[in-house]
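Chains as they are written, first to last, in our numbering: chain U, 79 to 398; chain G, 79 to 398.
By construction, these hints were calculated from the structure, which means they are not laboratory data.
Nothing here was measured: the structure is a model prediction, and the numbers come from that model.
Any given hint could be a false lead.
One copy or two, either will do: identical chains are not told apart, so a pair holds if it fits within one copy or between any two.
With a Cα cut of at most 20 Å, we get these calculated SDA-like pairs of lysine to any residue [to be verified]: (1) 116 x 103; (2) 116 x 192; (3) 92 x 133; (4) 92 x 144; (5) 92 x 356; (6) 116 x 224; (7) 92 x 180; (8) 92 x 206; (9) 116 x 223.
Protein chains: 2
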Amino acid sequence: MKIADIGGEFALIKRLTRKACADPVVVKGVGDDCAVLKYTDISYLLVTVDMMVENDHFTLEWHSPYQIGYKLMEANVSDIIAMGGTPHWAFLSIALTPATEVEFMDEFYRGLYASAESHGVHLIGGDTTHGAIMVVNLALLGAVEHDALRLRSMAVPGDLICVTGTLGRSEAGLRLLKQGLRESSVNSHLQPRCRRVWEGRIIAHFCHAMIDVSDGLGSEVRHICEESGTGACIDWEKIPLLPETVAAAAKVSADAHDFALYGGEDFELVFTIAPENIDALRDQFSDFTVVGEILPAEEGIYLMRDGQRQDVKKGFDHFA
Amino acid sequence: MKIADIGGEFALIKRLTRKACADPVVVKGVGDDCAVLKYTDISYLLVTVDMMVENDHFTLEWHSPYQIGYKLMEANVSDIIAMGGTPHWAFLSIALTPATEVEFMDEFYRGLYASAESHGVHLIGGDTTHGAIMVVNLALLGAVEHDALRLRSMAVPGDLICVTGTLGRSEAGLRLLKQGLRESSVNSHLQPRCRRVWEGRIIAHFCHAMIDVSDGLGSEVRHICEESGTGACIDWEKIPLLPETVAAAAKVSADAHDFALYGGEDFELVFTIAPENIDALRDQFSDFTVVGEILPAEEGIYLMRDGQRQDVKKGFDHFA
Chain U
79 MKIADIGGEF ALIKRLTRKA CADPVVVKGV GDDCAVLKYT DISYLLVTVD
129 MMVENDHFTL EWHSPYQIGY KLMEANVSDI IAMGGTPHWA FLSIALTPAT
179 EVEFMDEFYR GLYASAESHG VHLIGGDTTH GAIMVVNLAL LGAVEHDALR
229 LRSMAVPGDL ICVTGTLGRS EAGLRLLKQG LRESSVNSHL QPRCRRVWEG
279 RIIAHFCHAM IDVSDGLGSE VRHICEESGT GACIDWEKIP LLPETVAAAA
329 KVSADAHDFA LYGGEDFELV FTIAPENIDA LRDQFSDFTV VGEILPAEEG
379 IYLMRDGQRQ DVKKGFDHFA
Chain G
79 MKIADIGGEF ALIKRLTRKA CADPVVVKGV GDDCAVLKYT DISYLLVTVD
129 MMVENDHFTL EWHSPYQIGY KLMEANVSDI IAMGGTPHWA FLSIALTPAT
179 EVEFMDEFYR GLYASAESHG VHLIGGDTTH GAIMVVNLAL LGAVEHDALR
229 LRSMAVPGDL ICVTGTLGRS EAGLRLLKQG LRESSVNSHL QPRCRRVWEG
279 RIIAHFCHAM IDVSDGLGSE VRHICEESGT GACIDWEKIP LLPETVAAAA
329 KVSADAHDFA LYGGEDFELV FTIAPENIDA LRDQFSDFTV VGEILPAEEG
379 IYLMRDGQRQ DVKKGFDHFA
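Between the sequences and the hints, there should be enough to build the whole structure, so can you do that?
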């Protein structure tokens, strides 16, 4: 039976993994950006892993080795930040091909360290092996104070849905590259930058649920709703887009809103917040946009566009 | 420049990674079976990662999906046990190919869980993606009491070098498979079994240095000597071999001692122990053989065979 036949990537994960865990140390296992473990008197331990495969998450034709290393670290740090946490210790597994040169590895590590050092992360272990294609995996550990932990399941009907920065940039860059248009805006795809640790910590102080944008706004809001047992309305017109993202979408005959909703790897933060806390957050951090509202479950999950209710399509799925 | 030109896998790791780590939480970073982090008042946190790539660490022609899952977990648990620790929480990253079927994944997870449950490990997170070949990576966390931690660097001249069980079985199985000889003994390659947690804990109580056998006895003794600043003598005649390993070696015109010294993935334990502690250990655990002695650094690292001193060749190297 094909994986698509049972409903794709997320259905497969549901089929194979066990949400319940009998270990009392495990606060949260499968089903959030990180696993959460009991740690010190004041903090939890956070653990996340991310694998990137050549010709799938990166290509040696477009990406420099520096960018591959940088992107791998940012993707993982983003998961820790989305829990309200601070990243600390990283472990790299890497499969190199017979063609991999030493200079390539020097540059890959330079990118990896550049991102790591900007977030205070120490690379303290790993596994080096080889294969027919290049594959990299990072395991990243971090910590979060007990009262700063933010889960996907913490959204409450009435919360406003907010997103940091702008969306659709990575998908726009990918589409341009696929058409051979190597403009400066493709850097959002080649070397995405996640939010800073301090930003996540401030947002966590005011928000309810939080998640990072790795598969598009639509997919992330869906995850929040599933885990929180809520519905949601996303206001199509309010989705924050850069003019260059809109221009790139026009060039490839697409809609930039779709890049934002269904494209991957923007590594922004989506969070839900009680309306009365918005102003206090904005006093300390203002680079975010209100894009919707958390609703009771029975109202469903939908887009509101020109006064019309539309379905939120499924996000990127490796196996759909 | 090719990786082989700078000296292969271990030279590359030395070039790229930084042994020193300014973070006071990091007790031991790069350079042992696991990284070691400060954790509770009585224990350290252990972290290890292992990547297995299709057609390199396994092949779909020989390995069942159950065996791939089982082997991945055993390889990682072995690293925790070799520190004197107890494994707890695992995180799976997996790249599937377009051809991967749901039934394959069911079996892979059944093997992974079978090993995990036998060691008390909980699988609590991961990343599922796809690629042109199948790649699996496990990150495994465990813990060890402060006084039970055993590092590669803890060997002392005068220690006896011991190894659990028998060696060369995995390499013998691999060689038979390569010649199309699918005998029962190939299971040591297809589904290797690491030592049990209680065995590692008892050995740790009595030994100085410990390491698991993933690249052959020669390579592991070399690692201990490098980290401990010692030399070593391995007694060729005393290397423990099963009759079936000797028979397999004969069939493929090789020497079973070489399988033990330079073959991979036996997942036995090599440890060094003061001679006066051997009997006390044997009272509680006896499945080990004395194969040599730790010497002062100036005596070098060598094999003693028929009264003749021989060099210990380098072990398996992905890039040599």
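Verification of the hints:
Taking the shortest alpha-carbon separations for residue 116 and residue 103, both the intra-copy value of 5 Å and the inter-copy value of 17 Å come in at or below 20 Å. When the C-alpha separation of residue 116 and residue 192 is checked against a cutoff of 20 Å, the pair qualifies neither within a copy, at 30 Å, nor between copies, at 25 Å. Taking the shortest Cα distances, residue 92 and residue 133 never come within 20 Å of each other, neither inside one copy (26 Å) nor across copies (28 Å). With identical chains, the CA atoms of residue 92 and residue 144 are at most 20 Å apart between copies only, with a shortest distance of 19 Å across copies and 35 Å within one.
In this assembly of identical chains, the alpha carbons of residue 92 and residue 356 never lie at most 20 Å apart, being 35 Å within a copy and 49 Å across copies at closest. Taking the shortest alpha-carbon separations for residue 116 and residue 224, both the intra-copy value of 9 Å and the inter-copy value of 19 Å come in at or below 20 Å. Only between protomers do residue 92 and residue 180 lie at most 20 Å apart by alpha-carbon distance; the minimum there is 12 Å, versus 40 Å within a single protomer. Within a single copy, residue 92 and residue 206 get their C-alpha atoms only as close as 30 Å, which misses the 20 Å cut-off; across copies the closest is 11 Å, which meets it.
Proximity of residue 116 to residue 223 under the C-alpha cut-off of 20 Å is found in both arrangements, the shortest distances being 11 Å within a copy and 17 Å between copies.
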